[in-house]
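Put together the whole structure using the sequences plus the hints.
Residue numbers (the UniProt record's numbering), protein chains in the order written: chain A, 1 to 154; chain B, 1 to 755.
Keep in mind the hints are simulated off the structure, nothing from the lab. Be careful, since some hints might not be right.
In silico DSBU-like links for lysine-lysine, alpha-carbon gap of 35 Å or less [stated by the list, open to error]:
# : chain 1 : residue 1 : chain 2 : residue 2
1 : B       : K399      : A       : K142
2 : B       : K742      : A       : K142
3 : B       : K309      : B       : K232
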Amino acid sequence: MTQQWRQRFSDLVAGNHSPTGDPVDAGARLIVWDPDGTEVFRAALARHHRVEDEDEPEQVLWIRPLVGGEDNGGGYLFNLNATRRRSLTCARGTLVDDGVEIDLTSGQRARIEPADGPELEQLIHWDDFTNRLAPDEDAALKRLDADSWHGRYA
Amino acid sequence: MGTGSKSSHQSYAVSPTALAEAPTAPPDITGAPDAAEGTDLTGAAAGGTGIPEPEELDLSQLLAEPALPAEAPAAEDAPAELDALPGAEPAPEPDVSATGPEEELQEASAEPEGLAAEGELQGSAEEAPAEEAGLLHADDIEEVQEEEEETDPPLTPVPAAPPVGEPTGTPLLVGGDDFINSEATLVAYDSPDGPREVLLTHISEEAEEKLLDALSIPGTHMEEIQVEEEVKERLDLDKEKKLAELTKTAVSSVQHKLKTGSEMSDASIAKHQAAVDAVSAVLSDPSISDDEKAMAQHYMDQLNVVKDKIDNGGSVMPWMDAYEVTETKMVTKQIPVPNGEPEPGTLAATVRKASRIKASLDPETGQSSWDGVTRSSANGTEYEIDMGDGWTAVYRPYKDNDPKHTEFSLRGQLEVHAPAGAGHGKDLVERLEQLHLMNKPMTAAEGEWTYLSNNIQAQGLGGAAGMQAAMDTAQGLQDLQVQEIVHQRMETLMGLDSGALQTAMKRIQLEAAHKVLPMKVEVVRDAVAKASGFSDGAALAASPGYEPTPSTSGKWLTWSRFDVTGKQAEIQGAFKGRSLTHGLHGGALASLLGTGVLASTEKRAVMGIGGGLGMSEQADKMTGGANSVFLRVKKTPSQPSGGMLIWDDPSVLMRRSDYYAYNGDHFGAINPAHHNYNESAITRDPMKIAKFSAAGNEVMFRNGLDLFGAEAPSRIVCHTAAERTTILASLASRGITHMGGKAVEDVLCTTDDYS
Numbered sequence: 001m002t003q004q005w006r007q008r009f010s011d012l013v014a015g016n017h018s019p020t021g022d023p024v025d026a027g028a029r030l031i032v033w034d035p036d037g038t039e040v041f042r043a044a045l046a047r048h049h050r051v052e053d054e055d056e057p058e059q060v061l062w063i064r065p066l067v068g069g070e071d072n073g074g075g076y077l078f079n080l081n082a083t084r085r086r087s088l089t090c091a092r093g094t095l096v097d098d099g100v101e102i103d104l105t106s107g108q109r110a111r112i113e114p115a116d117g118p119e120l121e122q123l124i125h126w127d128d129f130t131n132r133l134a135p136d137e138d139a140a141l142k143r144l145d146a147d148s149w150h151g152r153y154a
Numbered sequence: 001m002g003t004g005s006k007s008s009h010q011s012y013a014v015s016p017t018a019l020a021e022a023p024t025a026p027p028d029i030t031g032a033p034d035a036a037e038g039t040d041l042t043g044a045a046a047g048g049t050g051i052p053e054p055e056e057l058d059l060s061q062l063l064a065e066p067a068l069p070a071e072a073p074a075a076e077d078a079p080a081e082l083d084a085l086p087g088a089e090p091a092p093e094p095d096v097s098a099t100g101p102e103e104e105l106q107e108a109s110a111e112p113e114g115l116a117a118e119g120e121l122q123g124s125a126e127e128a129p130a131e132e133a134g135l136l137h138a139d140d141i142e143e144v145q146e147e148e149e150e151t152d153p154p155l156t157p158v159p160a161a162p163p164v165g166e167p168t169g170t171p172l173l174v175g176g177d178d179f180i181n182s183e184a185t186l187v188a189y190d191s192p193d194g195p196r197e198v199l200l201t202h203i204s205e206e207a208e209e210k211l212l213d214a215l216s217i218p219g220t221h222m223e224e225i226q227v228e229e230e231v232k233e234r235l236d237l238d239k240e241k242k243l244a245e246l247t248k249t250a251v252s253s254v255q256h257k258l259k260t261g262s263e264m265s266d267a268s269i270a271k272h273q274a275a276v277d278a279v280s281a282v283l284s285d286p287s288i289s290d291d292e293k294a295m296a297q298h299y300m301d302q303l304n305v306v307k308d309k310i311d312n313g314g315s316v317m318p319w320m321d322a323y324e325v326t327e328t329k330m331v332t333k334q335i336p337v338p339n340g341e342p343e344p345g346t347l348a349a350t351v352r353k354a355s356r357i358k359a360s361l362d363p364e365t366g367q368s369s370w371d372g373v374t375r376s377s378a379n380g381t382e383y384e385i386d387m388g389d390g391w392t393a394v395y396r397p398y399k400d401n402d403p404k405h406t407e408f409s410l411r412g413q414l415e416v417h418a419p420a421g422a423g424h425g426k427d428l429v430e431r432l433e434q435l436h437l438m439n440k441p442m443t444a445a446e447g448e449w450t451y452l453s454n455n456i457q458a459q460g461l462g463g464a465a466g467m468q469a470a471m472d473t474a475q476g477l478q479d480l481q482v483q484e485i486v487h488q489r490m491e492t493l494m495g496l497d498s499g500a501l502q503t504a505m506k507r508i509q510l511e512a513a514h515k516v517l518p519m520k521v522e523v524v525r526d527a528v529a530k531a532s533g534f535s536d537g538a539a540l541a542a543s544p545g546y547e548p549t550p551s552t553s554g555k556w557l558t559w560s561r562f563d564v565t566g567k568q569a570e571i572q573g574a575f576k577g578r579s580l581t582h583g584l585h586g587g588a589l590a591s592l593l594g595t596g597v598l599a600s601t602e603k604r605a606v607m608g609i610g611g612g613l614g615m616s617e618q619a620d621k622m623t624g625g626a627n628s629v630f631l632r633v634k635k636t637p638s639q640p641s642g643g644m645l646i647w648d649d650p651s652v653l654m655r656r657s658d659y660y661a662y663n664g665d666h667f668g669a670i671n672p673a674h675h676n677y678n679e680s681a682i683t684r685d686p687m688k689i690a691k692f693s694a695a696g697n698e699v700m701f702r703n704g705l706d707l708f709g710a711e712a713p714s715r716i717v718c719h720t721a722a723e724r725t726t727i728l729a730s731l732a733s734r735g736i737t738h739m740g741g742k743a744v745e746d747v748l749c750t751t752d753d754y755s
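As structure tokens, this is what we get:
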């Protein structure tokens, strides 16, 4: 079961569920609810993730929610110090409809599902923005091991 | 010290507020916490000495017997002044023990006695109008403060001219508790017009009312103006035919395949073809202009590169921008215009959208520069304040920035700007008086109060037995002192009109606060001592970990906590096998070590690092985490990855009193209105932090970390030997041979060292 939800999670983030067959036309968004059911977070996710402590009962998913970003006249840009990695510490994951739901150890509940509307638009902006990056910068983002960003776009 | 010199004060005469209407606010050092960061401090009532400031002061009210705390301290704890009821003769100075810090406090308390020179005051009042009486008294205070500074010098000297271009500026401490952690920074940005000297600080929420009292904010309305501006725009035909969008879609699709190493899909080929068709149609139109033809060819050239990648694959493509032309246009802009004139004796302020200084840091020289004008947009509201003579201030108020919807980290930020040119350091501090804020560098006596307040917060002693009573007693002492002075000067005060009386009362509050501070410190020190297992305040003060002065060795001013400095071995034991870490991406180490600090988002913005993109919705600014840098507790890495800063002895950082932490990912939330904030999960206990297990745990340190001084990491892991060599050369060129007492060659390592 763990493998199933993890695979679904991975496919959603990568955009493998794209109806056009081109992953860049699809992607994932993350929604988080507090224990009382209040939605507290909603953002598109960059197309990479990393699993830490795979053998631990509580798995940690490192992700990159696409917060911020704006067109300041020189194109749509993200501040990479703000668009930093976040972690989801998972107590339990389940497949739901076309997405994945995760009970977080914080007591919150997270849902990763196909992005549409403003989140998909944000993801398209992100894909375009990352085309500005040098290969080593792009690779650094994908590793999801940096806590802060220095240099360009910070 | 010349910070209180008469000559500099006289230069303020152009601004009536400074002398007639803006007496120095009393240092209300009640230990009242910052709203967000000190909610578990003491719960002491905010601000004020309990003395009302109505339109018409009623002196009989002031002489009413004050309410003493319900749990007044035992006789041996209570300073002599507690017995000095209003109307009694002035009590003698308390007979406190003569240990080191207390000696200084005694001296400080003795000096302001001159303020109470009743004869002088009476003479002034009889011979001069009421307003003048206030002026004469202000001068008297200056004289006394100058004398006081000789015996109790400031903990941090104020430079006349802060070093130009130094990104971190010159940190200093200001007396009282108008400012969070009592700290301010003087920065001199390099600019073509000469240095731009700015004082940057963070007002406590409790002090805001005083500041607002100095301002006249008649309200503003927006007016449209036409300005000529150079704008870069796409051609209309491009927008109509969506050539840029179609090309970008094709580029992104093909780039994705190149980045992931996957095969070109039919979808990618179709997107490319759609773009080619659209561009070709424009190119083949004989009616298009030369500009339009150049535009279409620009896109066709890009699409030819894309076609080559579709056919042959290879490395990722370079960035392809849209075709734009630069034009000069008349642009309509809206500017805020005041609705009316400011009230007499106040500073005119206009309301506008919040912003930040948009400085830039030259990576080659390490110099920060700013033109004095350019600002980046922020999510919130600020006041632009005209202080006269080319001096301005910008304040981002708590009351107009709802933490649910605006950037939490900007609330309370104050900038004071001098006219272009060098040499305004001392005036930048003194000018705070115009804003009704404390404007004297912190003395040792005030420093101990801040130290105790920080320790109460850091160690969670606010709810300890006797702590609230001690705070109430401290407040009661100050109230009693005010009443005693009022009683002594009743005859003089009765002759003053309402305005002069208010001014005189503010002076008296200041005087009382100065005079009673050593006794307040003694009371609270004793309570803190008992709450933390010491027999009394003297035993605490004599303990080896008690360090009531800030650390000034590095680029930040930090206060320690005695539960760590006194028990370093225990802290090290708790962290055994664990380290504090912070990861950076490749190539970032050199630029980071160029500045020598790991700085918070807010600090980076004013240093000129980052923030240049004008982002207004950054998550950490909403959570309040933007005022801190964060580290993570991890098992001591045996095979660390490149870009990692590692503190193998976390006690060097745990000694600070300004951190908070979560055993989980909360984005550094300190804003109670933010969903990431969790009061029950937040901790400041180093023993709990040492046991953190969640991978996403966070330990937040205010402002940042000095990477070269005592807080330096024990290991800095370079990605490659070449990166290490480059950084070592850079450090050598700047004469930096050691970090935290360790040779730089021993601190800088590479991933290969662990393979």
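Now for the hints, and whether the structure bears them out:
Pair hint B:K399 plus A:K142 does not hold up; C-alpha atoms about 41 Å apart against a cutoff of 35 Å. Annotation: proposed proximity of B:K742 to A:K142 holds, straight-line Cα distance about 34 Å (limit 35 Å). Annotation: proposed proximity of B:K309 to B:K232 holds, straight-line Cα distance about 30 Å (limit 35 Å).
Violation of the numbered hints given earlier is confined to hint 1; every other hint is satisfied by the structure.
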